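S.K.: What follows is the residue order along each chain.
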Amino acid sequence: MADTFQMTSADSPPSTALLRLEGRLDARNAQTLVQECQRLRDAGRSRIVVNLSRVAFVASSGVGSLLALTEMLNDANGKLVLVDISDAVRSVVELLNLTQFLNLQTSEAEAFQTIGV
Amino acid sequence: MTEKKRKTVIGIRWIVTGAAVCLTALAVAAVGAVAERNAREALNTELQRRVVLEARNLALTSSRALLSDFPELTLAPILNQMTEGRDELEFAVVADLNHVIRGHADARRIGEEFTRPPAVTEVNSDVADPRRGETLQENASILVASSPVLHPNGDKLGEAWVAIDRGYVRQLISEARRKQAIVVLVVLAVGVLFVLLILSAILRPIGTLRAGLERIGSGDFTTHVKLHDRTEFGLLADTINEMADAIRDAQSERLEKDRLVREVELAREIQSSLLPHESIRAEGVTVDGAHRAAAEVGGDLWDVFPLGDGRVGVAIADVSGKGLGGCLVTSMVSALLRAFRNDERSPARLLVRLEESLPLRAGTFITMFYGIYDPKNGSLVFASAGHSPVLVHRAATGKAEWYKTKGIPIGAVRGGALAKTVRDERIVLDPGDVLVQYTDGVNEAFDTGGRDQFGFARLQDAVKASAAKGAAAIVNKIREDLRAWVGDQPPFDDETLVVLCRDAAAVTPPPAPAAGGTERRFDPVRMVREARKRGHGIRFHADLDELHRLEDWVTRCEGLTLDSHQATLVQTALYELCANVAEHGYEGNPSRTFELWWLECAHAARVVQGDAGCGAQGVFVLVDDGHSYDAKVPSVNFEEASVRRRGRGIGLTIVHRAMEHVSYHPQTEEGNVTIVTFDPKRQRAEEVSHG
Numbered sequence: 003m004a005d006t007f008q009m010t011s012a013d014s015p016p017s018t019a020l021l022r023l024e025g026r027l028d029a030r031n032a033q034t035l036v037q038e039c040q041r042l043r044d045a046g047r048s049r050i051v052v053n054l055s056r057v058a059f060v061a062s063s064g065v066g067s068l069l070a071l072t073e074m075l076n077d078a079n080g081k082l083v084l085v086d087i088s089d090a091v092r093s094v095v096e097l098l099n100l101t102q103f104l105n106l107q108t109s110e111a112e113a114f115q116t117i118g119v
Numbered sequence: 004m005t006e007k008k009r010k011t012v013i014g015i016r017w018i019v020t021g022a023a024v025c026l027t028a029l030a031v032a033a034v035g036a037v038a039e040r041n042a043r044e045a046l047n048t049e050l051q052r053r054v055v056l057e058a059r060n061l062a063l064t065s066s067r068a069l070l071s072d073f074p075e076l077t078l079a080p081i082l083n084q085m086t087e088g089r090d091e092l093e094f095a096v097v098a099d100l101n102h103v104i105r106g107h108a109d110a111r112r113i114g115e116e117f118t119r120p121p122a123v124t125e126v127n128s129d130v131a132d133p134r135r136g137e138t139l140q141e142n143a144s145i146l147v148a149s150s151p152v153l154h155p156n157g158d159k160l161g162e163a164w165v166a167i168d169r170g171y172v173r174q175l176i177s178e179a180r181r182k183q184a185i186v187v188l189v190v191l192a193v194g195v196l197f198v199l200l201i202l203s204a205i206l207r208p209i210g211t212l213r214a215g216l217e218r219i220g221s222g223d224f225t226t227h228v229k230l231h232d233r234t235e236f237g238l239l240a241d242t243i244n245e246m247a248d249a250i251r252d253a254q255s256e257r258l259e260k261d262r263l264v265r266e267v268e269l270a271r272e273i274q275s276s277l278l279p280h281e282s283i284r285a286e287g288v289t290v291d292g293a294h295r296a297a298a299e300v301g302g303d304l305w306d307v308f309p310l311g312d313g314r315v316g317v318a319i320a321d322v323s324g325k326g327l328g329g330c331l332v333t334s335m336v337s338a339l340l341r342a343f344r345n346d347e348r349s350p351a352r353l354l355v356r357l358e359e360s361l362p363l364r365a366g367t368f369i370t371m372f373y374g375i376y377d378p379k380n381g382s383l384v385f386a387s388a389g390h391s392p393v394l395v396h397r398a399a400t401g402k403a404e405w406y407k408t409k410g411i412p413i414g415a416v417r418g419g420a421l422a423k424t425v426r427d428e429r430i431v432l433d434p435g436d437v438l439v440q441y442t443d444g445v446n447e448a449f450d451t452g453g454r455d456q457f458g459f460a461r462l463q464d465a466v467k468a469s470a471a472k473g474a475a476a477i478v479n480k481i482r483e484d485l486r487a488w489v490g491d492q493p494p495f496d497d498e499t500l501v502v503l504c505r506d507a508a509a510v511t512p513p514p515a516p517a518a519g520g521t522e523r524r525f526d527p528v529r530m531v532r533e534a535r536k537r538g539h540g541i542r543f544h545a546d547l548d549e550l551h552r553l554e555d556w557v558t559r560c561e562g563l564t565l566d567s568h569q570a571t572l573v574q575t576a577l578y579e580l581c582a583n584v585a586e587h588g589y590e591g592n593p594s595r596t597f598e599l600w601w602l603e604c605a606h607a608a609r610v611v612q613g614d615a616g617c618g619a620q621g622v623f624v625l626v627d628d629g630h631s632y633d634a635k636v637p638s639v640n641f642e643e644a645s646v647r648r649r650g651r652g653i654g655l656t657i658v659h660r661a662m663e664h665v666s667y668h669p670q671t672e673e674g675n676v677t678i679v680t681f682d683p684k685r686q687r688a689e690e691v692s693h694g
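Residue numbers (this note's numbering), protein chains in the order written: chain Y, 3 to 119; chain G, 4 to 694.
Calculated directly from the structure, the hints in this document are not laboratory data.
Quick caveat, the model's predicted, so the values are computed rather than measured.
Mixed in with the good hints there might be a few duds.
What the hints assert, rightly or not - A short list of chain G residues far from chain Y (calculated; beta carbon distances all over 10 Å): (1) 23; (2) 46; (3) 178; (4) 195; (5) 257; (6) 267; (7) 293; (8) 381; (9) 579.
To be verified - Here are the computed lysine to any residue pairs in the SDA-like style, where the Cα-Cα straight-line distance is at most 25 Å: (10) Y:81 with G:652; (11) G:402 with G:289; (12) Y:81 with G:651; (13) G:536 with G:682.
Heads up, the beta-carbon is just placed ideally off N, CA and C, and yes, glycines get one too.
Work out the full structure: start from the sequences and follow the hints.
M.R.: This is the structure:
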């Protein structure tokens, strides 16, 4: 459904995390993502890979949360890597000229490489 | 007992007794008639039997006598004995075969020839035995029987005749009838007496009931009818008592109501005395107003007063409650306004001080406008606590402007919320400009059919039509239009108006035409109306969860052809605009709604002003009536880490980058209107430059 949002976490090496998002990343769901990442960071898993291949829509709050999480994890000596962003996310990210401020990778394997696993 | 002018009364007991007597008499008469008829028949039969038996007896006793030599001597004592003391016997005769009388009670008749009584006929009866030669005959006056006197050898010697007077029967019957009548009369008399006594006992409560009703009729509802009666009269007494109680309650209620009406009348007078009764003229400005109270005493107030230095204060307020409570609050507001106005130069602070000083109950709130006009520069500094938008009619352009503010009503939210939202605003009035403030009883007045409200457009038209004629004329024109709108019905809410006119300059300089008309590409009001007529629209509640419907809606906009990338941009930009309205305009209150329209170029071009096009394909029009918000695009520089860390305030940046044209028109007649257009070509160009 167009208005659903799902976040599943998959197995990943220690001190990392892998989240796969699906659906609409708007204000409400962005908050869920932020809280989950804060929880992972506090649990010592501050290198987080987020798969956005199935995100159909992203609102400004969604983009904002991706920016903020990137900075937050940087501050915690971690990293946020976005994998395989969907066309919908790409359109907005490029509209705002934000590619330079986000870590974008094409596959989960590449993503784990960039965070040194 | 009050016997005055009472009609002749026919007593129930006499009616019932009379009826009982008549019925009893009729019954007795009927029974008597039947009984008499039976008795008469029985008597007649008995008489016939008797007369035949007497004749037979006489014949038997006469047999031996007739054989003797002097039968007369033997028969005379027999007949004398037989007839003595018996008046009913007409005659008793013994005659020989030659019909010569041989025995008779009257000795002088002996020897005479016996002749049968005249006009006798045989009686049809089996009492006489014709085989023995007996006869039984009658005429009108007698019953006569004969029996043959026989020799022991069976030869007939003569005949014995006995006749009885029929009058004897009649006499017997009339005697019986007389006795019966006496008994009936005695029984009737006793019955009448008995019925009268019973009825008197039964009907006695009527007197008590009547006395009770007369008391109630004379206005005494406190004493009850005391009646210990187990008949229907007891029930009637209870009903009368309940009725008296009900009347007493209703009467005291009415008295209470009358008292309240008088007090409300008084309150209305007091309230009316608080309002200005004539227009006020100060340096270069005239202020006039009007107030029309609803049927109930209401909570509207307006006031205008000089403040020194030529300044003029103008106030208008609407207290949420009606009735005496509302009236009291209104009076307090009026008094506090008088107390504060001379030393408070900031209208916003004055409103806050009012809230601090008013002992408002929860649920009571006041919308209020207060402004201070300064003739030196023609400025009006005002603050509005949730009051209706301010209408300013500009003389130079003939256009109306509406000013909405963010102030919440006094008393609506406790804890200093008013101080945070209300602030001093400033409007500069040029010569001839008119400022109108009013309570919602004006714009919300329903037409005669109760369907449509007077609304802001009609108010604006009324002001425009009379703007040049001065404050009093404007007030009158609005009131006239309002009267024409609502017809004869009484106002459902107070209608209060205040009009401030800056005097026209002696020589009015022609207004300088606005250069370029940069911000006037679209007339938002006309655009909204056109969109509602010909556009493709969708309505959202102020709920982010509803906004996903945008995606589907965009694909159904006729004349809008986008590839998937463009569709993403359009959807995201529209989402941001809608989310802004829902979150900021309506503070996330999901019961509020707003509209989004798509109007194709073919239609939109009709209402586009100036030389700019209507966008490549058409325009999107967003209409809401929430708080207006700051539409200025914040400068977001993503180079700065702090900006990225905050991660907010990107929405409007998306809108402006994605769309070709964005214009925001707060507080128009149709509400806040946002107009955006999308140009696929330009978007491509930008992508290239960004790429």
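S.K.: Over 10 Å to the closest beta carbon of chain Y is the bar; see if residue 46 of chain G clears it.
M.R.: holds, 118 Å
S.K.: Beyond 10 Å from every Cβ of chain Y: is that where the Cβ of residue 381 of chain G lies?
M.R.: Consistent with the label, residue 381 of chain G stays out of reach of chain Y, its closest Cβ about 42 Å off (over 10 Å).
S.K.: Given the hinted pair residue 536 of chain G and residue 682 of chain G, is their Cα-Cα distance within 25 Å?
M.R.: holds, 24 Å
S.K.: Far enough from chain Y: is every CB of that chain over 10 Å from the CB of residue 178 of chain G?
M.R.: holds, 120 Å
S.K.: The output says residue 257 of chain G does not contact chain Y. Does that hold with a beta carbon cutoff of 10 Å?
M.R.: Non-interface label on residue 257 of chain G holds, nearest chain Y Cβ at 60 Å vs cutoff 10 Å.
S.K.: Minimum C-beta separation from residue 267 of chain G to chain Y exceeding 10 Å: can you confirm that?
M.R.: holds, 52 Å
S.K.: Taking C-beta pairs only, is residue 195 of chain G more than 10 Å away from all of chain Y?
M.R.: holds, 99 Å
S.K.: What's the verdict on residue 81 of chain Y and residue 651 of chain G, does the C-alpha distance respect the 25 Å limit or exceed it?
M.R.: Roughly 20 Å separates the two Cα atoms, so the pair holds.
S.K.: Taking 25 Å as the top limit, are the C-alpha atoms of residue 402 of chain G and residue 289 of chain G close enough?
M.R.: The hint holds at about 20 Å.
S.K.: Hey, does residue 579 of chain G actually stay past 10 Å from chain Y on C-beta?
M.R.: Given that some Cβ of chain Y is not farther than 10 Å from that of residue 579 of chain G, nearest at about 6 Å, it is violated.
S.K.: At 10 Å, judged by beta carbons, does residue 293 of chain G keep clear of chain Y as stated?
M.R.: The claim holds: residue 293 of chain G sits with its nearest Cβ about 48 Å from chain Y, beyond 10 Å.
S.K.: Is the Cβ of residue 23 of chain G more than 10 Å away from each Cβ in chain Y?
M.R.: Holds: least Cβ distance 93 Å, greater than 10 Å.
Hint violations for this structure: number 9 only, all remaining hints satisfied.
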